[in-house]
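With these hints in hand, go ahead and build the complete structure from the sequences.
Letter by letter, the chains look like this.
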Amino acid sequence: MKNIIFDFEYLAPKTLEEALTLLSQYDEEECKVIAGGQSLLILMRQRLITPEYLIDIKGISDLDYIKFDEKEGLKIGALTTHRAIEKSPVIQKEFSVLSEMEQNLSNVETRNWGTIGGDIAHADPCGDPAVVLIALNAKIKMTGSSGERTVDAEDFTLDYFETALHHDELLTEIQVPTLPPNTGVKFTKFSQIVGDLGLASVAMLITLDENKETCSDVRIALGGVAIAPMRAKKAEDMLKGKKISDALLAEAGQVASEETSPTTDVQASEEYRRDLIKVLVKRVGNEALARAKKA
Amino acid sequence: MSEYSIIGKPTTNVDGAAKVSGEAVYTFDMTLPNMLYGKLLRSPHPHARIISIDTSEAEKLPGVKAVITGKDTPGGRYGLWRRFPELCDQEVLATTKVRFIGDPVAAVAAVSEAIAENALDFINVEYELLPAVFEPLDAIKDDAPLVHDDCDNNINNTRHIEWGDVDEGFKNSDYIREDRFIYSSQHPAPTEVHNSLASYDKGNGRLTVWSSTQSPYYLQLGLADGLKMREGDIRVIKPHVGGGFGGKNSTMPDSVNAAVLSMKTGRPVKIVFNREEEFTCTEHRTAMHLAVKIGLKKDGTIMAKEFKLITDGGAYTALGATTLYLTGTYATFPYKIPSYRYDGVRTYTNKMWATSVRNFGGTEAIYASETQLDRAAHDLGIDPIEIRRKNAMTPGYEAPGQYNVGSCGLLPSIDKVEERIKEKWTDLSKDEGVGFTLFAYMCGGIFNWIDTPYAFSGAMVKVNIDGTVDLFTQGSDIGQGTNTVNVMICAEELGIGIEDIRLHPADTATTPVDLGAWASRETMMNGNAVKDAASNVKKKLIEVARMKLGENIVYDLEVKDKRIFLALRPERGFSYYDIVKDAIKLNDGEPILGVGHYTPHRKGMVSPAWSFGSMAIRVKVDRETGLVEVKDVIVAHDCGQPINPLGVRGQVEGSVHLGLGWGLCEDLPTDNGLILNPSFADYKIFRTRDMPQIELHEVPTYEPGGPFGAKESAEGAVAPTSPAIANAIYNVTGATFDSNVLKPEKVLKAIREKEGKEN
Amino acid sequence: MKKELKFVVNGNPYDIWVEPNTLLVQVLRDELGLRGTHRACDSGTCCACTVNLDGMAVKSCSILALQANGREILTIEGMANGAELHPIQQAFIDNWAFQCGFCTSGQIMASNALLKENPNPTREEVQLQMDGHLCRCTGYNMINEAIRDAAGRLQAQKSQEKTK
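Chains as they are written, first to last, in our numbering: chain A, 1 to 295; chain B, 1 to 759; chain C, 1 to 164.
If you're looking for bench data, these hints aren't it; they were derived computationally from the structure. It is possible that some hints are incorrect.
What the hints assert, rightly or not - Now the stretches of chain C that chain A is said to cover, found in silico as 3 or more residues with beta-carbon under 8 Å: (1) 12-21; (2) 40-51; (3) 55-63.
Here the structure is a predicted model, which is why all the values come from computation and not from measurement. Glycine included, every Cβ here is placed at the ideal spot set by N, Cα and C.
Quick look at the structure:
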């Protein structure tokens, strides 16, 4: 069995300030931050990532919280576990799409220890949370020695395993705005094995006007079909201001699939991933629409 | 049968408390004092000549105690087909050439696993790359690179089976069809990886090896051949094993290298594969090209069948040659085929060698047969269940010169599943379909390629003064429940309780030979040996009881419920415990010993008996994504007299799980000999949410040649799943498949092609 | 450089020093000799190594030992009450919920956490929570039945204790 066979120095800051100080002390190539380690430890056992200094922030309890306010929206601390999000009554009520996504993310054992911040900072192109957060118009807050800044979720992941985080910054909070009235959100990923990593995934937010007829806003986020989770803006433009029908969703799906740049790998071809996007946009759109109508 | 006290009653696992407490010891958990850890350096090339190996840097590393290459090994060649020395083509470490990515060229023993692994980076090997061949159809060409220099056209082995007049049969057929299939490889993927612990006794030169193996005896032979030692100087002990599924029959590099390293260092050495090595460098199913031609009358009667096969054997033989024999046989199951002709070829290729996975040979052959039969039924306008019923084997059927079928519950199993489909699946949506297939499996093989002079299974029973029993047998429990079955058989035969018996299994030094857990042989062969041994003890006890009763020989005595008594006057008898005491006193104070064995005789050439069954699978096809969901499974199974219904159900459920994987999502794609998905993240296995519930019906029969009428259970049930799924998809969409592993992308493509043809 | 690890395992406090690169499963198996927790994969995808950490089911191969500092671990060795098997263990035996047994410790530990959180789960709820566990032998259904049987036994045990 593979263990971590290289040595490293282990540092366990108790506060955010301590952690940021440590980050600024070491070079990017020398050190790595670990939270739950559910993705990172596997890579370390494969000797794909071999830091000399490992900064363990899992113990920073200040970053473990879920706060909801009608006006401010949802604020999730970066070190909140997937399981806590899955089980949170306020998230189940106000942002059910998040807890649904978490319920199908990996397995309970991973979710009990892995954190949402760690997941998004890891930036796996198949990662589910990032896709849902883009659809929810979330912002990612980053804190460094020089202060805080936020970016839109869709601007956070840049490339395979690469994010907007500067070396001396930590992802500290995820901010999800309150959903406008008449809004429905749905996320679905496609895999042959239930709950597995998705070959492709779609999250859609649909807001209807006060008559619940026309779509006043739509956000379509796609996962696993580009170097990072992305928005299908052209497909969104097709739906905005229109009455959403099956046929229109099918067209939007076609357009969305053309916006992607998937790759072929041992699991599926790029053509099939595009096919999946077509189908998923249609199906997810219908479900988001139904939720918007009920909202 | 209510006449039994123990047989046929649900019985919990005799190893249960140990397994649920974490106390069951697997080789994986074992350590010995002063133990070293070994690691293998493996070839990164599929085919290359070894020019030089420099181990000097690695040897200097602190904590490294030995580094060996081929020249440091005793130089013996080994393999499982020992009757044919040319097929014993394996070495402990490659000496002249490497033949697949992963072929071991060196081994390190060090004081920690980390040091051993690190040391591999310090061994320098110079290779001369050679052209490689990966596809069997390429490998047989005249200009193909030779994997073994002395083997023309890379043809490792061939097999021909024939009976009746096939050409005449086709002439008399109203309908003939030919189909070609590719059955691709899967990995057994047991949860416990291959691992071995070897300990060499510097004093007497004897070796003890603990290993995660399906056959301690086979491993003992392989070690003896590879290390050029006497068999008897090698002791192989099989602790608990975390699954084998066909991948742990052969002598593997972990055992032989641990042994050589132990001999060199004078310390115990343990080698544990990691999961990547497990996927890339251990045995998996033999992929193959199948060409099947079948001739039928217009009423669906099968007249003739011709079957050609070419298999991808990989770099060495091991058990792989057996594929040809079994696949060629299973292509006729479970139907009465008046005339049959088969030719099979196994080729060498530059890949990890391929052999067996559960339902060896049957899974592949039955995929082709059952898929083809549905197509024929469709063309002839005959119901797929009816066409099977018409041609199904019946009790006593004989394939001329090949095999006999004893008991056979196939027809009742067809009736049962058909009845349940009609009762249960009345609400199929337009996207749902049903596939119906038959299955059959052997109860161990009659072949002796291992070239053993021993009985195929042996057992020894020792009865102590207090009536407790020690049962010694090499039968291998790898999870299938053999330990429990053996104790149950012994208890029933002696008329005592499970709690009276201690089992001593799977130690080549202390137990009589059993050939191991493969081809589902344990219940039939090992069970019979255990029963034989127990019956020899029973005879002695009955003799003593008869003497005490003073009854003549014509009057039968029986044992049951810890008593030995007159069959006709049960109140006249004695307690088992009292008779045991008397028997020992009458035997010069020696414990009572019974030795037994079993070797099949006059049972044809293949197997002493066969299990049978029918299976129906209900699937739902997503026509837009190609995703196939398995909604429900109905199985009717004839395993003779079930010994332990709990165990039988467990085996059926496990078989269906594997079979669904092999039909839908498990495969081993390669690129230039490199397996591309060597982890559970990428090698997709059904999890609990993917499994449907399985409705199981027993079709009891009685196999006279089996212990208490028992046959093997459930290995047959792996095979029908792939074709049932393919047939169900065909019934929903009209799309056909010439290969297994129906991943969504493949299914979607086939659906579109079918729709395209129709437009 | 070794660092101090103070934690409780199966009710026993430990104060040991470990290299930072040590995984929790290595400490349990190699340092503490608790070999009932097994390992079956190198990708965190099989859950054979599942233990309970502060009552939660976690994969011990995917947690650094030092992250367990100050925590309470329960392994398979801590389930039985002396010589008396835990109802979950007994239910597994009675329902033939294991065959080779190699993944069983992880299954039982996950069941333990599951039943504490959800004392009366449906078949689907059990499937959802046991989804990470790879078993090659059983096909999962008999494990599912064992867990629900265990739920009943634990409820019965609770009622008995209440009436005492």
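These are the hints, each one checked on the structure:
1. Given as covered by chain A, the segment 12-21 of chain C passes the check, having 3 residues with a CB less than 8 Å from a CB of that chain where 3 are the minimum.
2. Check result for the segment 40-51 of chain C against chain A: holds, 5 residues qualifying (beta carbon to beta carbon below 8 Å, three or more required).
3. As drawn, the segment 55-63 of chain C meets chain A at 7 residues by the rule of a beta-carbon pair under 8 Å; at three or more, the given contact holds.
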